[in-house]
Amino acid sequence: MKIYYAFIAVVVTSLFLCGCKEESRGAITVYTALEDELVSEYLQAFNAKYPDIKVNIVRESTGIITALLMAEKSDPQADVVWGTAASSMLVLDGRGQLEGYSPKGIERILPKFKSDKLIPTWVGINAREAAFIVNSVELAKLGLQADEVNSYEGLLRPELKGHIVMPNPNSSGTGFFTVAGILQQNGKDSQDGWNYLSKLHENINQYVHSGSEPAKMAAAGECVVGISFGYAGISQRKKGAPILTIFPIDGSGWDMEANALIKKDKINPSAKIFLDWAISDDAMNLYKNNYPIIATGKGGSYQGFNTDPIQQLIDNDFSWVAGNRDGILNKWNNLFGVKSEKK
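The letter at position 275 of the sequence shown is residue 275 when you use the numbering used here, and the numbering goes up by one with no holes.
What the hints contain is simulated information worked out from the structure, not anything from laboratory work. Watch out, some of these pointers could steer you wrong.
[Stated by the list, open to error] Calculated pairs, EDC-like style, for lysine to aspartate or glutamate (alpha carbon to alpha carbon, straight line, at most 20 angstroms):
id	residue 1	residue 2
1	LYS112	ASP317
2	LYS288	ASP308
3	LYS331	GLU148
4	LYS112	ASP326
5	LYS263	GLU159
6	LYS73	ASP326
7	LYS238	GLU41
8	LYS266	GLU35
9	LYS238	GLU60
10	LYS104	ASP315
11	LYS117	ASP317
12	LYS188	ASP281
13	LYS238	ASP250
14	LYS264	GLU41
15	LYS199	GLU159
16	LYS73	GLU99
17	LYS161	GLU138
18	LYS238	GLU138
19	LYS288	GLU107
20	LYS264	ASP276
21	LYS238	GLU35
22	LYS272	GLU107
23	LYS238	GLU72
24	LYS239	GLU37
25	LYS288	ASP36
26	LYS199	ASP250
27	LYS54	GLU37
28	LYS288	GLU99
29	LYS266	ASP116
30	LYS199	GLU148
31	LYS239	GLU35
32	LYS73	ASP52
33	LYS49	ASP276
34	LYS272	GLU99
35	LYS49	GLU222
36	LYS272	ASP282
37	LYS263	GLU72
38	LYS104	ASP317
The structure presented is a predicted model; accordingly, all values stated were derived computationally and were not measured.
Based on the sequences and whatever the hints tell you, model everything.
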């Protein structure tokens, strides 16, 4: 996996440098793990307000973005990280790669959605929670009903053997917070969480690169259950797919999508303008269209929740998650990486 991430870092950095030789004075480079369609939607709003700032986007899944930033520590290419897991921000902060900055309006951000430092090193924008994206047509063919797969235990049913797709936590933030959530729900450092993951592994057909890919595969009938996140399932249903977005009754692992200023010798003032905008009311209203929980409070209405969305989230120990990230990923890869998607 280290070789894979190093290769990705070289390729993405090379492509970026080749494509951005001629930049305007106000140009900034933003690394993000937000979904492609959301990046386009949000950037349209930013560009309308700040047409003189050119935003060069490098978009990848959370694991790849994190590995790329770590590889570039001595020669950072990004100015800003936008919409990438808070657990990754904690890792980068621990490595001294983030510059403290208080964006305008930060007093509106709930305490648990921002760094606890006097000058915050990262600021959250919304929460992303684990969900089971189920193809109702394919589920019926197996003789199962939705309430039989509405828990983690339900995913172990023998009828689902070979019919579940899950993101690889080494490349996907969704995959990582799902695994980290399962471990925490079963006692953090106990073996129970790993025992559950071993049982789940028997029903997994494939581990894929992206957090949204399992939802797309379920929508296409390529699997019965895709372990993904809420927005991915809801968006597929809006497109007409026979999809149910099921939030496990035992609670969802989750992470924040967060922003940060990258520490470098020369900070581009336009990077701070972008970070100000990224937590503005205009931006929060855009996030609210897609997520039920945003950093200033309750988000928009959301299909699939029977209770307050915040009640769906497990008690997530971000410090434990960040501190154990490498160990979790290495152990998971050694145990289960054989079924990972070939890239």
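Of the hints stated earlier, which fail here?
Checked against the structure, the hints that fail are numbers 3, 4, 5, 8, 9, 10, 12, 13, 14, 23, 28, 29, 32, 35, 38, while the rest are satisfied.
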